[in-house]
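Colleague: So you can see what is in the structure, the chains are spelled out below.
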Amino acid sequence: MISEIIRIENFSYQYAHTDKPALVDINLSIKKGEYLAIIGPCGAGKTSLALSLNGIVPHMTVGEMRGKVFVDGIDTTQSEVSDLAHIVGMVFDNPEYQLSQSTVLSEMAIGLENIGVPRDEMLKRIAESLEIVGLSGLEERSPLALSGGQQQRLAIAAALSMYPKVLVLDEPTSNLDPMGKEEVFAVAARLNREKQMTVVIVEHEVEVIADYADRVIVLDQGQIVNSGNVNEIFSDVDSLARVGIRPPQVTAVTAGLEKKGFNFQSLPVTLDEAEATFSEWLKQDKVSA
Amino acid sequence: MSNIIECINLSHVYPTGFSAIKGINLKVKSGEIVAILGQNGSGKTTLVKHFNGLLKPTGGTVSINGLDTAKQTVFNLSSHAGYVFQNPNHQLFATSVLAELEFGPKNQGLANDEIAARVKETADFFQLHSIINEHPLRLSFPLRKIVAMASIYAMRPSIFILDEPTTGQDHGGAEKVRKFLRKLQDDEKTVILVTHDMPLVAEIADRVIAMWSSEIISTANPREFFYDLTTMKKTKLQQPQVTALSHRLQNKVLTDGITLTVPETINALEKVLT
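Taken in sequence, the protein lines are chains A and B.
If you count by our numbering, then the first sequence holds residues 1 to 289, one letter each, in order.
If you count by our numbering, then the second sequence holds residues 1 to 274, one letter each, in order.
For reference, chain A alone in the conformation it holds in the complex:
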């Protein structure tokens, strides 16, 4: 299929010296331009799956792999991590682990220098990428003097300057304040919408996933146990509870009212949907309790 960017076939992975596999028989197809969220309890295999998309698993880990992972048609086992970095940009949970240089400009330049991008092209890509994440003008700042949200946007810009086709974010906001979180999600959403960038995000905060993602996969004990759009996944509160995930707060409220005997056509999963649901509800006087 031409619109497919990532294809995972019967993929299992077990780290050395562990007694059970981290990932079990994963089959997944991700379309170009899709915004996919991976959710699941701690230890479900979310990070391992994210790391398999740019080849860190299995190239830089010790363990046993079965099955295939194709990124943009390339079998990840047949390619180097450094080559896959052109296709998949990776952003981790703690931006400080990823930032090493004394200025924003040199932080941006280092990856491009490593792959031999000529100076003029380099400056163009840096300017473009900083513009996209809203950090233009901060080129001479120390990355450590940036706020958490800015640091994480810098990590995204550094990934973007490689012109990847897929951006993978592994709990990118877990150390950020609410506004920093919002900045990072907004940038990822804008890249997805305006540049048709494929976004794969591992995230615990279901409220923001419901706002942005096209599709959600639920991992539990290394397996994909559910997959669907945000409404399908988050309105199925009982299935979520079985794997220890809570629904968005507004969904929990509506589900709670349903248990008390009220009827809803569908459960809202975002704040806007919930506002509409309850405004309508009262107007139509659909009270059945």
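Quick caveat, the hints were computed from the structure, so don't treat them as lab data.
All residues carry an ideal CB built from backbone N, CA and C; glycine is no exception.
To give a feel for the contact side, a few chain A residues facing chain B, derived at Cβ under 7 Å:
#, residue
1, PRO41
2, SER147
3, GLY148
4, SER174
5, PRO178
6, MET179
7, GLU207
8, GLY244
9, ILE245
10, VAL250
11, VAL253
12, GLY256
13, LEU257
14, ALA274
15, GLU275
Starting from the structure of chain A, add chain B where the hints point.
Modeller: Chain B in isolation, oriented as in the chain A frame:
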């Protein structure tokens, strides 16, 4: 009621010249749960590190249980105020969970049977028996945080300072943290909660202190605080989603003010719809 923590005109200037907190006046009553909120870099961690003497004031005073922290060692203060770090790796060092739990009570000079009782009670509460002989560094990050919390609890200080206890926890881990906080509340412990987890604050805090640019700019109960969109915008904080919903529905569907939690919101909507 007595003030268990009292800061008078507290300021701290780091050796680099950076003024991380200034002009802090704060009184915390015994048994209060106080949430300290603000952006990264607003001074929250610097402030709370004064409560167990990890930092000493460069201006003003801090007293804990009536003791001037400038005249106390961190060791003395540790029996009054226990600090659970955001990163458990900064705190855990023993070779087993058991040794980690025993360390504090041993240092407090408790008798062996008292130490054993504390360890057992703590391991019961946090459900640590199955991993009691594990090396803490072999545990997952979220579980390591729970162990760090437990090791402070084993010392039974009167003040608990918790720095981002729910960060990195999944739903199950966050529920454990909530259960712990409710226990501390029942035991009438004083809790200082530094967090970006707004639903947690809305559920459990008695009072919110909002910091911005090294200063306290607002102190209010959660219901007042989460209604004050101006301060929230300035401090770049957000309402919990149910609070935002109840705010949007005010004077349309709901009339009794904002709600803070899921159960409260269910009840408020049920009331107007039946």
